[in-house]
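**Q** Chain by chain, the residues run as shown.
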Amino acid sequence: MELSIKTSANRLLIRLYAALAGAIGLLVLIGGTCNIPLFTSISPHWVAMKPNTAIGFILCATSLFIFSKNQISKSLQCVHQICSSLVILLGLLTLMEYLFRLDFKIDTLFFSAPATDFHTSHSGRMAPSTAFCFVLIGISLFLKSKIFPEAHSLIVSLSSAGMIIGVFALLGYVADSFLNYRIWNYTGLALHTALAFIFLNAAILNLEFLDKPWIWSLGKKASTGFSIGIALLLIAVNAAHHFTSELVRSSTLVTHRQEVLREIESVSNSLGNLASSERLYIILSKPSFIEDRENQKKILFDHLSQIKVLIADNSSQLQRLAQIEERVPLRLRWEDQMIETLQHRGLKEVQSLFSTGKGIQLSQQISSLLEEMKNEEYRLLSRDQQLASTTSATAFLVLPLSAFLCLTLLTMGVYSLNVEARHRLHAENLLKKSFREITDLKDALDQHAIVAITDSRGKITYVNDKFCSISQYTHDELIGQDHRIINSRFHPPEFFKDLWNTITSGNVWSGEIKNKAKDGSYYWVATTIVPFLDEHGKPRQYIAIRADITARKNAEEQLRASEAQLQTVFENITEGVAVSNLKGELIHFNRSAIQIHGFKDRSDYLQPIASFGQIFELSTLDGKVLPLEQWPLSRILRGEQLRNFEVSIRKLNTPWTRIFSYGGCLVFEDNQKPLLAIITINDITERKQAEQQIIALNKTLETRVEKRTAELEASNRELEAFSYSVSHDLRAPLRSLDGFSQALEEDFSEQLPPESHRYLKIIRESAQKMGHLIDDLLAFSRLNRTLFNCAPVHMQALVKAVLEEQLSQNPSLPVEWNIGEMPSCQGDHTLLQQAWVNLISNALKYSRGRNPIRIEIGARQQNEETVYFIQDNGTGFDMKYSHKLFGVFQRLHRAEDYEGTGVGLAIVQRIVHRHSGRIWAHSVPDQGTTFYFTIEGNKHHEQ
Amino acid sequence: MNNNSQAIEILLVEDNPQDLELTLRALKKSKVSNAVHVARDGAEALDYIFCEGTYKNRPNKEAPKVILLDLKLPKVDGLEVLQKLKSDPKTKAIPIVVLTSSKEQKDIIESYKLGVNSYIVKPVNFEGFTSAVENLGLYWLLLNQPPQREE
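Those protein sequence lines, which keep their order, are chains A and B. So for the first sequence, my numbering puts the first residue at 1171; every next one is plus one. So for the second sequence, my numbering puts the first residue at 350; every next one is plus one.
This is chain A alone, in the form it adopts within the complex (with noise of 0.2 Å):
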């Protein structure tokens, strides 16, 4: 914003320079034209400017006006380039004009110069010093342009020098004698010329200076030495002028004092001409000898006047060339009446006239006069011959002083400038060198450290990346803003409040801070703020650097979270703790271990083991006492790892006795460096009292256990010998019975009474049914006892071979049936085909009379688990008794409609439960019943 401003005002000041400049040359070509001398040279003593020069103010002001705009269009910029170009051409053909004495007529190419004009040399030339500068100026404006951007420094240079040349100029004008440039045989710089270079000089470096700040870089010395430099060299410079003005103005005085001397001689030849051609004229009285007296007499006065205007500096001689001025007229007076005297009186008049002497005095005066004259001039000339020479030896001896003077400066110029060089060269080079030092350091602290620099008011000026990354704002979003961005509302107002007192009055900072990201979540940073404080000992700007600690600090809750669990349960745990330092000093009881202790103050625990070997007594269960050394606390101390040490503990002097069991082992830092012992107390008197009795009851039951399996290994072989006479012998009498009655039908038949035919039957019919029950009976008693043999069953084609030779049995039956998908399952093949015949048989048996008989068998899936179902059509029970359907001899039909011993569904059931599953029936009276069953052999099987 300043420094837009202080452009705008400076191009109006560029624009003013350029105008004053332009406006100058346009006076002057106006007052050439118009023939206004007050235009063109000011004063008439004054050099005039020439319309060259006019010209070439307007082309440069016409060049500076072009830039001093923001923007520059490309055609502006083609007539910048030529106006500067023709500036240069301008300045550089005037001087070749000068330097080669050659005449281009380019000065008199618009306008005829004036005749008279004062102190110049060429009519209508510039003065080459102004050529000179056009030449700078010229050179200046075109690298202006936007052709050569790098050509700064030149320009400035250019520049300042033509400004030095019009700033010399306006001072030989205000001080007469200092450079005068009058003095010198070329045309001089006229005044508005000086002031119109000073104004575009001062243009153009104030455009240089635009948009680049004026920095003098030159050191204290070296600034100094070059100001006296220049001064010297310009005094040196002035002397040298000076004496060569002197040299050259002596020199003419020795030729003046000639022309003097000559003039003077030639008075008094003239007068001598005159006097003895009037004598000759007398004597001989020719008329020839006085023909050409008038001529003569003027040629004299001619002289005289001459010697007048030679010597109009010289006083004395003035007065002298009075006197004979009076004289000659008189003298010559004489000679006239002489002559006339013989004209017209004759020679004898002429005689006594002369014999008067009166002419002859004049001449004498005259002569004298002439003499004292010319002794005067040859005096003078003596004397300025003296000062030419004394001045030329100090011009030739000032010329090469001050040659050597400006060498001697310059190199003295050179060499500081070098020195300052060198200096600054290494100055640099520390600079450079510290500031890659700093750079790096500032990289590595990038890299390491979250960094933020904030203005005195807290705004923030610069953050690195990390602080970005950390925070999640970017770069653009941070800058200008305060740390309150970040704020997480964690610590209170007097935090920070303590943090800007601590540094606003200039210290330093150290502290954690939690803040909150862009996106909520929080951070913590270890945080130093440093302020930087300004001159007046205010702080200037403060530099916060910062360490995330985030991952320290949820540790560190992490820790005291789980610190506070130990302890916690350190102090609930039902089990004695207790912490002992390795000197065997206890530091700690848990709340537990002080309760089984019967302690009461902390006095009685935290003490030295030593001293508990005068309160307590230890032993081994079987009552050896055990010395301190093999406490278990010191043989932990030593290094053993104790579990379940079980000691009887008893208090000195009173009847307190227990029996604890120790644990315990040291607790090693990182480096395997033990710390601390631990040691775990548990009073297990109760249990060990439990275990006693255990052991007692577990004595009593043993031998109980024996006596019952000897028991129950005898009932079961008596059970085995049961069923063996069973099988053997039960069935003999039944033999005998049907048998006998046969034999008495077959061989008594006739003598026997009709009705006692029926009574042997019914005798063969219930021995048989006898001999039935007792196989059936032995069967499911045998199916407990027989093998259990499990392989996987391939339950449909079992049960389809079991239907089929049921049906063969009774091929007559009106049969309809359907075997659905039945899976695989694990299970005993023998055990399962007796299933499947009793549950088929029973299904036919139930079914007899139905027309057709409709028997579906399959299987389902019903809670993750296979059912197999077979389904009659039957005459089905009553479900009100279907708890007694699976029992031994229970039957739900009368033995008249449906034969059978009651044995086969108990069969069934005993099968399925040796299976490990269920079974269960569903009926309803004279529709048909469904007989349900599981087998865990399944869930086996498909796994």
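Read the hints as simulated data drawn from the structure, not as lab findings. Treat the numbers as computed from the prediction; the structure is a model and nothing was measured. Every residue gets a Cβ at the ideal spot worked out from N, C-alpha and C, and that includes glycine. One thing to keep in mind: the hints can contain errors.
In silico DSS-like cross-links for lysine-lysine, where the CA-CA straight-line distance does not exceed 30 Å [what the hints assert, rightly or not]:
hint, chain 1, residue 1, chain 2, residue 2
1, A, K1684, A, K1667
2, A, K1688, A, K1770
3, B, K439, B, K424
4, A, K1708, A, K1612
5, A, K1770, A, K1753
6, A, K2050, A, K2015
7, B, K452, A, K2015
8, A, K1939, B, K377
9, B, K405, B, K439
10, B, K414, B, K455
11, B, K435, B, K405
12, A, K1391, A, K1602
13, B, K452, A, K1970
14, B, K452, A, K1939
15, A, K1877, B, K455
16, B, K377, A, K1931
17, A, K1528, A, K1467
18, A, K1636, A, K1684
19, B, K424, B, K410
20, B, K441, B, K455
21, A, K1518, A, K1456
22, B, K378, A, K1931
23, A, K1612, A, K1688
24, B, K410, B, K439
25, B, K433, B, K410
26, A, K1456, A, K1467
27, A, K1931, B, K452
28, B, K378, A, K1939
29, B, K424, A, K2054
30, B, K377, B, K414
31, B, K380, A, K1931
32, B, K452, B, K435
33, A, K1467, A, K1478
34, A, K1688, A, K1667
35, B, K405, B, K441
36, A, K1939, B, K455
Which bits of chain A does chain B cover? Going by a derived footprint, with three or more residues having C-beta under 8 Å, they are [said to hold, decoys possible]:
hint, stretch
37, 1908-1917
38, 1935-1946
Use these hints to put chain B onto chain A, whose structure you have.
**A** Below, chain B without anything else, positioned relative to chain A:
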């Protein structure tokens, strides 16, 4: 019962008198009862076969063509008899049929292990029993071809 010199074809070992009668009745029906010798216990059966004890001087010392053996016998039981006969090379070749009331698997397996030639369960019903005895008499005496006796 029949102590003549006719060669004994069947040795019937049976303790139960009713069963014995029924068996003999069945054998009679199948016309083989003449050549039957009855032993009432295991010891007697062994004595008969090895011509020991009371049978020391039995006239016909030839072995029977078949032995019908009950398992449950007084003194020496059927399985022991079976074991003795089958382990003796002289008697090993005599076909032995176990005729018993027992349906116990244990008995069946044991009998076969000891080398029984046939195992027949006596049914309760007399028709069944008769047909079983008839069939076995027919089979062992008429159809079966025993090896030649060694002298």
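**Q** Output the indices of the hints that this structure fails to meet, ascending.
**A** 2, 29
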